[in-house]
Amino acid sequence: MEREIFTSIIRVEHLYKSFNGEPVLQDISFTLAPGENLIILGKSGAGKSVLLKCITGLLEPDSGKRVLFNQLLDELDEDSLNVLKKRIGFVFQGSALYDSMSLRENLMFHLNRSSIRFTARDKDARVEEILDKLGLLNAIDKMPAELSGGMRKRAGLARALVLRPEIILYDEPTTGLDPATSREISELILRIQRIYQTSSVIVTHDMSCARATSNRMLILEKGSFIAEGTYANLRDNPVKAVQDFFIN
Amino acid sequence: MADNGNHSGPSGKLADFFTDLGNLTGFTADVIRKALKKKPEFIEFLRQSYLAGYRSLPLVGITAFIMGLVLTLQMRPVMADLGAEAWLPGMVIVAIVREIGPVITALIFAGRVASGFGAELSSMRVTEQIDAMEVSGIDPFKYLVVTRVLAATLMVPVLVIYSDAISFLGSFLGVNIQDAVSFPLFLRNAFNSLHFYDIVPATVKTFLFGFAIGIISCYKGYYTNKGTAGVGIAANSSVVASSLAVFVIDLLVVQLTELML
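Sequence lines, in order, name chains A and B. Under the working numbering, the first sequence has 133 at position 133, and the numbering climbs by one with no breaks. Under the working numbering, the second sequence has 9 at position 9, and the numbering climbs by one with no breaks.
Be careful, since some hints might not be right.
Partial list, derived from the structure: chain B residues whose beta carbon lies under 8 angstroms from chain A [claimed, not checked]: (1) T127; (2) E128; (3) Q129.
Calculated directly from the structure, the hints in this document are not laboratory data. For every residue, glycine included, the Cβ atom is placed at its ideal position computed from N, Cα and C.
Please construct the entire structure, taking both the sequences and the accompanying hints into account.
Below, the structure is given as structure tokens:
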């Protein structure tokens, strides 16, 4: 299937979100260009995960506009929204693998509910191909509880990739991993982007992951963006709140 | 997402109760709406029916057998004093079919299955598995909730019929401990006392028990919001609220039946 051409595949305008009157996101605006790796860098509690959940419709913002693939999210009915969601992959911080299913079943579960009809052979081939690319083919029949932390992250990514999404959203992809595995995941993110031509939004507080994977970075502080630029631009930014990320 | 309430003090508790009741009503309406939608999750429904129904057979069977036996042994002296021992099978069977069988089976189901539904769904919520479905364009409500509610609604009546049959065997043994009554005679005595209006309300209420247990436990699990502690709370409150609902429904159905007959 040919992909449509967009100038921006995600456009967020003046997004606000609060919980119990406490503002979490304030006047958030940004765009994601096709093929871009956008890093949203922020400390714990800055509102990064909430922002991702607002983009995907898991949370409803108080106000603001979310446009994905030129479609305004708020104008879509439930069925159209579900179709649109299948074009987005989401890699959760804790992987969120279905723990009553094996790794194969985790991927099959999403394939079986795709709007595209696959034959059983096609489904097997696709699952095996993705797991092979992510180095998980040997674990195909293992249950999530039997996987290591790094394998779980890769398994979460494999499941996000199974429907060949155009955008992948990563929520803290390297949190809780040792430096070597963390580096491995960062390399994998880049490799996946090359192979599947995806665009990515990666929220993290891990500067080494940000440096390794970013085309562009946004720094989120107390629910607002305080700086934007490439890694090199931001490293030279004199603002203290920005410098704190580089010093630490 | 439902507002689970977070108030303190007596008036706060009351507000929480009504908030919960309102949310539960909306939740029930969603279950019915989505159950009627096309493309049911039939395989998951069968799996849940197997887990909730088939896996409950041993526990329900043992309990029912003991229930039938003990009820017969307890009633025998009273019936003997009245010189009405011949009525014993009929009396036991009517008690089992009308009241004890449905209520005890529903309570066992609430203890075994509602706690499982509550714990499983809340654990999935806490570990973002429900979010993972939702974000991929899969309707978790239809897959997780509707299938479980339907399985509970259909499995409780089946288990009650099975429980009643096993109770008859227990009762037959109880009668034969002191008397020698053949099984055909026992059944004839028993079923002579049983009427159509004993069976219909008792059967209708088993569907309501199953529906209420499914709805309450799924609601408690699906909308948990207190992290891992919430898993324990959801499992516990699923059993407590479901068991209470069984008694309330029983009371209402008995009253309605009395009014109608």
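Hint by hint, here is what the structure shows:
1. T127: holds (6 angstroms)
2. E128: holds (4 angstroms)
3. Q129: Q129(B) check passes; min Cβ-Cβ to chain A is 5 angstroms, inside 8 angstroms.
When each numbered hint is compared with the structure, no violation occurs for any of them.
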